[in-house]
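S.K.: Spelled out, the chains give:
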Amino acid sequence: MKSIAFGQFYPANSPLHKLDPRIKVILTVLYIVCSFLCKNLLSFALLALSAILLILCGRVPIRIVLRGLRPVLIILAFTALLNIFWTKGEQLLFAWKFIEIYAEGLYAAVFMMVRIATLIIGTGMLLTYTTTPIALTDALEDLLSPLKKLKVPVHEFAMMMTIALRFIPLLSEETEKIMTAQKARGADFSSGGLIQRAKALIPILIPLFVSAFNRAGDLATAMECRCYHGGEGRTRMHVRHVRLVDFIPLLLVLLLGASLIFLNVLGIGFSMK
Amino acid sequence: MAEIKLENLSYFHGKDTPYEIKALDTINLTIPSGMITGLIGHTGSGKSTLVQMLNGILRPHEGRVLLDGQDIWEKQKNIRSVRFRVGLVMQYPEYQLFEETVYKDIAFGPKNMGLGEEEIRVRVEESVRFAGLSPELLQKSPFDLSGGEKRRAAIAGIIAMRPDVLVLDEPAAGLDPRGREAIFSNLVKYHEESGNTVVIVSHSMEDMARYCDNLIVMNEGKIVMQGDRDYVFSRSNQLTEVGLDIPQVTKLMLILKEQGIDVDGGIYTVDQALERILSIYRKSL
Ligand SMILES: Nc1ncnc2c1ncn2[C@@H]1O[C@H](COP(=O)(O)OP(=O)(O)O)[C@@H](O)[C@H]1O
Ligand SMILES: [Mg+2]
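Residue numbers (the numbering used here), protein chains in the order written: chain G, 1 to 273; chain X, 1001 to 1285.
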């Protein structure tokens, strides 16, 4: 429960960290599309290469990126196995009783793994590791602002998200403080049965709720005092301007997509159906 | 009597994350028993981290914490008994109150010790007196108390465990002068009556000079100086270097001394200064 380490944001000074978050959201969507364009060995190789480039551009240690892959390890292994044993093809490599393994199956397994891994690494590098949650909310508000015409309260949702995100580290810091204070009085959170453990939470939850409500009340008053009235006519303190260089990554991703399609058409190496 | 000794103690906040901070850097320290010790340092110098080592809230990454010569982490299961022997009042302790009544809240610690009702009652009453809280408040909800009263109720909650060592992290932070005065004078009274060791953390030199026999000065996770207050305040240059200052009256006295007026060092309160100046004035008449 380290407040500053909230989320997976990894602070660094990299081109990806500096890139406009709105562009990053669009890039993410395009990147996902790209990963589904891949069909053959060469295009998957190019996709994997692009993921490695992203990691380099974001200057996030490889150890942390790999840690992000850990939760999907089981899914990766499972899809690989499914593909190896269930894909039927022409090139039989191995057969024993009812088990038949085809070259197509092996390729499909590798392809699926590369696809899932690059999807995770791509969205991680473009969004979670290099964009603070607050910047992300702002970007989504901007990108969704056309929906305001349809009377969708985009600004209000974004504001609620921002406040909630701001409160998470505060609350976790507070929880830690209160836990420490109660431990100093001999509270024991880690032993006893289920009911006893639930009871041990009362000395934490009550002060936590009291202070959260107080804080929320204070915040509402402070916003009221500054005449907050929702999104209409509201301007930003930090207006983000898309710079010309911000378009370069967009071009690069479009180029990536085009090359992938081209490689598919060339059809060198093994192709997935 | 309980003596706390720290040996080559180091602690990192956020260890193994990109935010790693060395909060304590090879600390060697003995906290003398039966005295009021003041721990001073700039904000962020590691005072709060250090006091959380003393009762085993935080576990050192390097080095040992010895309580009466025994490493407190040697038998990890006994860490709770260490917390009862070294009572820690955290910074802004009023946020820890949670029970329906002040009485029940103060009784939380003793109850965790497994004491009987009668013993708890005795201890609650005793600690309320030490903390300077009026006994009528015992049946009120802690959330209905004033800020200063909440603070005292929280302090009473620790004193009720009858710790051998009472540690307070910035006990007077955010209180008005009268509230500060009340907290400190009650602590001094508690110290005199119980004879227990008291450790007070603060960054106010005025308060420290007034109430503490022994001072420890911290800066950037290290101990810069330790000694009685005459020793510490005679090194004002070194104090300024770490962003601290000697009390204003002491400074005034030093200036007077430079002007050739016969005041001695070792004056830390306005009352002492007044007395000294008046006596010089009377002599000169
Ligand atoms: N829970 C925490 N997580 C990360 N860093 C912390 C935490 N608590 C304190 N620190 C850092 O450790 C250093 C020492 O802090 P602290 O012990 O609170 O100092 P003090 O009490 O003297 O103001 C500071 O740099 C502070 O930012
Ligand atoms: Mg502190």
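Hints are supplied without guarantee of correctness; some may be wrong.
Pairs of lysine-lysine, BS3-like flavour, derived with a Cα cap of 30 Å [as the list claims (entries may be wrong)]: (1) G:K177 <-> X:K1283; (2) X:K1005 <-> G:K177; (3) G:K177 <-> X:K1104; (4) G:K18 <-> X:K1140; (5) G:K199 <-> X:K1005; (6) X:K1075 <-> G:K177; (7) X:K1189 <-> G:K18; (8) G:K177 <-> X:K1257; (9) G:K177 <-> X:K1251; (10) G:K199 <-> X:K1075; (11) X:K1104 <-> G:K199; (12) X:K1189 <-> G:K177; (13) G:K177 <-> X:K1022.
Simulated from the structure, these hints should not be mistaken for lab results.
S.K.: Would the hint linking K177 of chain G and K1257 of chain X be met if the CA-CA limit is 30 Å?
M.R.: violated (47 Å)
S.K.: Please work out if K199 of chain G and K1005 of chain X have their alpha carbons no farther apart than 30 Å.
M.R.: violated (35 Å)
S.K.: Check the hint pairing K177 of chain G with K1283 of chain X against an upper bound of 30 Å on the C-alpha distance.
M.R.: violated (56 Å)
S.K.: Hint check: K1189 of chain X vs K177 of chain G, CA-CA at most 30 Å. Holds or violated?
M.R.: Holds, at roughly 28 Å.
S.K.: Given the hint that K1005 of chain X pairs with K177 of chain G, test it: the Cα-Cα distance must not exceed 30 Å.
M.R.: Satisfied, since the Cα-Cα distance of roughly 25 Å is no more than 30 Å.
S.K.: Is the hinted pair K177 of chain G and K1104 of chain X satisfied, with a Cα-Cα distance of at most 30 Å?
M.R.: The hint holds at about 21 Å.
S.K.: Taking only the CA atoms, is the gap from K199 of chain G to K1075 of chain X under or equal to 30 Å?
M.R.: holds (26 Å)
S.K.: Does K177 of chain G pair with K1022 of chain X here, judged by a C-alpha cut-off of 30 Å?
M.R.: holds (20 Å)
S.K.: Would you check the hint for K18 of chain G and K1140 of chain X, treating anything up to 30 Å between C-alpha atoms as holding?
M.R.: Given pair K18 of chain G, K1140 of chain X is violated - Cα atoms ~55 Å apart, limit 30 Å.
S.K.: Does K1075 of chain X pair with K177 of chain G here, judged by a C-alpha cut-off of 30 Å?
M.R.: Holds, because 25 Å separates the two Cα atoms, which is no more than 30 Å.
S.K.: Can the restraint linking K177 of chain G and K1251 of chain X be considered satisfied, given a maximum Cα separation of 30 Å?
M.R.: violated (37 Å)
S.K.: Against the 30 Å threshold, does the CA-CA distance of K1189 of chain X and K18 of chain G hold or violate the hint?
M.R.: Violated, at about 58 Å.
Hints 1, 4, 5, 7, 8, 9, counting from the list given before, are not met by this structure.
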